[in-house]
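Novice: Quick mapping for you: the protein sequence lines, in order, are chains S and V.
Taking numbering that gives the first Met the number 0, the leading residue of the first sequence gets 0, the next gets one more, and so forth.
Taking numbering that gives the first Met the number 0, the leading residue of the second sequence gets 0, the next gets one more, and so forth.
Keep in mind the hints are simulated off the structure, nothing from the lab.
This one's a predicted model, so the numbers in the text were calculated from it and none came from an experiment.
Some chain S residues well away from chain V (every beta-carbon gap over 12 angstroms; in silico):
no. : residue
1   : Glu6
2   : Leu49
3   : Asp65
4   : Glu95
5   : Lys120
6   : Gly136
7   : Gly144
8   : Lys170
9   : Asp171
10  : Arg176
11  : Ser178
12  : Ile199
Cβ-Cβ distance ranges computed for the label pairs, FRET-style:
no. : chain 1 : residue 1 : chain 2 : residue 2 : range
13  : S       : Glu200    : V       : His186    : 47 to 53 angstroms
14  : S       : Lys226    : V       : Ser37     : 53 to 59 angstroms
15  : V       : Pro83     : S       : Tyr29     : 35 to 41 angstroms
16  : S       : Lys34     : V       : Arg80     : 47 to 53 angstroms
17  : S       : Leu139    : V       : Ala49     : 25 to 31 angstroms
18  : S       : Tyr100    : V       : Asp103    : 45 to 51 angstroms
19  : V       : Gly82     : S       : Ser80     : 34 to 40 angstroms
20  : V       : Ser84     : S       : Lys141    : 47 to 53 angstroms
Heads up, the beta-carbon is just placed ideally off N, CA and C, and yes, glycines get one too.
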Amino acid sequence: MGLLVKERDVAIPGDELAEGMDNLPAQGSYRDGDKIIANQLGVVTIQGRLIRIVPLRGRYEAKAGDLVIGKVVNIGFSSWSIDISTAYDAQISLKEGTSDYVERGSDLTQYYDFGDLVVAKITNVSTGKLVDLTMKGPGLRKLVGGRTLIVASSKVPRIIGKQGSMITMIKDYTGCRISVGQNGIVWLSGSDNKSEALAIEAIELIQKEAHTEGLTERIKELLEKNKK
Amino acid sequence: MTYTKRNDGRRFDELRPMEAKVGVIKRADGSAMFKIGSTIAYASVYGPRALHPTFMRNPEHGLLRCNYNMMAFSGSGDRVRPGPSRRSKEISQVTKNALEPVLDLTNYPNMVVDIFVELLQTDAGTRCAGICAAAMALADAGFSMKDMVSAVSVGLVGDKVVVDLDKEEEDYEDGSVDIPVAMTHRHKKITLLQLDGIIPEKQLQEALKKAEEACESIHKVQRKAMLEGYKHGL
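Required output: the full structure, derived from the provided sequences and hints.
Specialist: Laid out in structure tokens, this is it:
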């Protein structure tokens, strides 16, 4: 009876996680008779009675409330289509894109042109996986210049850190402006190549060692060493 | 003449040595290698991604698409002509059928998940090795799966029930029957069973029972490889 796994164990699909009715299956697991079974490959997380599997890989799945970075790929009569590196394109409607009064038939490229990068927020994901974005909110803007980096979306929480501690540290040391999208796209822009390179090095190190402990210390060390 | 001893010295219910690894193809969303004896299969998974042609789209759930390919000089015989053949199309289809029952794609309407299975080296049992690799690659890509799938070929060589036939046994002069079987891990539900040839009912039952045991040991190898891959936080 009870749990058959420990916190931070790795489970593969079909693994038995718990027996009996004391626990509840959450994301990444399901109930089969009196057992709870994993249906994803990932790390076991136990929160009270809930058993959850946190996947370590896989593509980003759009979720309402997420901040994402995307590229304008198409412009319609009254909306922009954004590639947010999921299988589905997202839409910014005219109303969510700008607060200006826009005359019917006017040129929408004056706001966001093809290929522009934007930081946007997901407002809604429908059952048919239509994703709505908005540009209205703090920090939501068009990105000018800089460079982008693609990371695994499962590593994003680690890059941001607790209450943004990690990303703030990188910003402070390198002086770069950095935006991290939940979809795994990182945009950064610094005053010179050297600081940008250092920020990229730090982010790549986080990505590589996201699962290890004491990561903050190591990143700090790296930034400190290369500061001068 | 009866088949008394296997040509490579294995017991009749012994599998060839196995090796497995996940995350072998960096650019893929999920990938795995499965090797049994000298049969080597690589599987890579891409998706979910937009499905073309669009008439194939299903707004209720995503589509699974498999592609099986034997490389040109993978076999011991003639060069395999590149491109799809009747055989490779059949195997692609049965691979898809073997994996679909455990895979949940309801979260990806109108999308497709592609699996490419490449056989670098072949010595019989390729579709089974391909299925084993593909199941691991799907899990590696983070898809929701009810269970794992393992596959093995069992059959009759001469008058003996054997597990995991190699090419030499498949071509045994007094006749042989090759039965590829794929099973889910937990309930041992059969998701693939192909049989051409004649086998008495009793021996078929015996063969299936041995397949069950063999799938169990294959699953152990698959599981170990996946845990190994994740220890490094891949």
